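Please model the complete structure; the sequences and the hints are all you need to start from.
As given, the protein sequences belong to chains A and B, one line each in that order. Quick note, in this note's numbering, the first sequence goes up one by one and the last residue is 132. Quick note, in this note's numbering, the second sequence goes up one by one and the last residue is 248.
Heads up, some of the hints might be wrong.
To give a feel for the contact side, a few chain A residues facing chain B, derived at Cβ under 7 Å [claimed, not checked]:
hint : residue
1    : Y73
2    : R98
3    : Y100
A short list of chain B residues far from chain A (calculated; beta carbon distances all over 12 Å) [said to hold, decoys possible]:
hint : residue
4    : L68
5    : Y72
6    : I103
7    : S116
8    : I123
9    : Y132
10   : F149
11   : F150
12   : L153
13   : N216
14   : I228
15   : F234
16   : V238
If you're looking for bench data, these hints aren't it; they were derived computationally from the structure. All values reported here derive from a predicted model rather than from experimental measurement. C-beta atoms are modelled at their ideal positions from N, C-alpha and C, and glycine is treated no differently.
Residues per chain, in single letters:
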Amino acid sequence: MTDTVSPITIYIDVRYNSEVKKMAITSDLLRGHTETIILAHLLGKDSYGYEINKSIQEKTKNRYELKEATLYSAFRRLEETGSISSYWGDESTGARRRYYSVTKLGRETYLKNKEDWEETKEIIDRLLKEE
Amino acid sequence: MNMNERIRTHVEGLFEGAPMTRKILDLKEELLANLNSKYDDLVAGGTSPDDAYRTVIAGIGDVSELVRQIQNESAFNKSIPSSARKRSAIFVSVAVALYILAPFSAILVTGNMGPFFMFLLIAVATGLLIYNGMTSPKYIKEEDSIVEDFKEWKSGTNEKKTFRKTLSLILWSLIVIVYFAINFFFFAWAYSWLIFIIGVFCEGVISLVLDMKKR
Chain A
2 MTDTVSPITI YIDVRYNSEV KKMAITSDLL RGHTETIILA HLLGKDSYGY
52 EINKSIQEKT KNRYELKEAT LYSAFRRLEE TGSISSYWGD ESTGARRRYY
102 SVTKLGRETY LKNKEDWEET KEIIDRLLKE E
Chain B
34 MNMNERIRTH VEGLFEGAPM TRKILDLKEE LLANLNSKYD DLVAGGTSPD
84 DAYRTVIAGI GDVSELVRQI QNESAFNKSI PSSARKRSAI FVSVAVALYI
134 LAPFSAILVT GNMGPFFMFL LIAVATGLLI YNGMTSPKYI KEEDSIVEDF
184 KEWKSGTNEK KTFRKTLSLI LWSLIVIVYF AINFFFFAWA YSWLIFIIGV
234 FCEGVISLVL DMKKR
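Shown next, in the form of structure tokens:
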């Protein structure tokens, strides 16, 4: 089965990459803030992987979407540092969903990261301004 | 084939070779639930099943890094607290030193107090060993897998065994103390050896009682 699947996958990945190539640099910049973006989404209410990613897509009008691997990797890091905690939902139908909720430490981290970003943004704006 | 099945097969393929730990299985379940929701949303939005499948698969990205990250986490948890081991080593060394010193105190301190000091030292040393045996950390479960459950179970039975051993140690130390005490104070050398036979009997009764309690 995997033998018949992988050629399709490779083809798709290549096409996907060429599509998003033009925003590769932006993605790099954004990726550094993955954890803060996740924390921001969890501030309002507990959520799960797909819901967070969908909301990112909607907010950016389909210009940005996290890869699942990137997303879960960030979840694990955040959980390890105690910024978020997770629990399994009790869906009556289908597979169980893993929900994440932000902790007190997570809120503090979010505020600090946001402050850092505001400052960075201001500095870069100043530096990139035409003389 | 059902599309959800196709997604599952693909995900299984991605995790081929990864250890079947609880964390990996959890990750797989989480991933599958989210991928299926995404697929359903795409199809509901008018995307053809094949395109939806391709979009979902392409969105996964490289999971190998993630798998490695999870494995490192469990490797990190594995490290045994060295402070506990150090503490245990100190207890045992002190106890052994006291055992060695015990006969000397009997020789050096004259009069009836000699044997008393000897038994006191033995008692303290035995107490140390028992305390150490009871408080040493047992195996901490690091993964919710069958292997880990087995390790914990085994560690648990070992703990029971250590308990038995310390109990037996206390019993026989007491017997030796009483044996010498009887001899020194009552000079009953001819009959005092019987206490060892009583000791064997006592141990038998204790293990019988413990076995019955377990059931």
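Hints and how they fare:
The closest approach between the C-beta of A:Y73 and any C-beta of chain B is roughly 6 Å, which is under the 7 Å cut-off, so the hint is satisfied. Annotation: interface hint on A:R98 holds; nearest CB of chain B at approximately 5 Å, less than 7 Å. Hint status for A:Y100: violated, given a least beta-carbon distance of 10 Å to chain B, over 7 Å. For B:L68, the condition that its CB be more than 12 Å from all CB atoms of chain A is violated, with the nearest at approximately 7 Å.
Against chain A, the non-interface label of B:Y72 is violated: not every CB pair exceeds 12 Å, the least being about 10 Å. B:I103, annotated as away from the interface, has a beta carbon of chain A within 12 Å; the closest lies near 7 Å. Against chain A, the non-interface label of B:S116 holds: every CB pair exceeds 12 Å, the least being about 22 Å. With a least beta-carbon separation of about 33 Å from chain A, B:I123 lies farther than 12 Å from that chain, consistent with its non-interface assignment.
Distance to chain A confirms B:Y132 as a non-interface residue, since its nearest Cβ pair spans about 46 Å, more than 12 Å. No beta-carbon of chain A comes within 12 Å of the beta-carbon of B:F149; the shortest separation is about 56 Å. Under the 12 Å C-beta cut-off, the non-interface status given to B:F150 relative to chain A holds; the minimum distance is some 54 Å. No Cβ of chain A comes within 12 Å of the Cβ of B:L153; the nearest lies about 50 Å off, and the non-interface call holds.
The beta carbon of B:N216 sits about 63 Å from the closest Cβ of chain A, which is more than 12 Å, so the claim that it is off the interface holds. For B:I228, the condition that its CB be more than 12 Å from all CB atoms of chain A holds, with the nearest at approximately 59 Å. For B:F234, the condition that its CB be more than 12 Å from all CB atoms of chain A holds, with the nearest at approximately 55 Å. Against the 12 Å criterion, B:V238 stays outside the reach of chain A, whose nearest CB is about 50 Å from its own CB.
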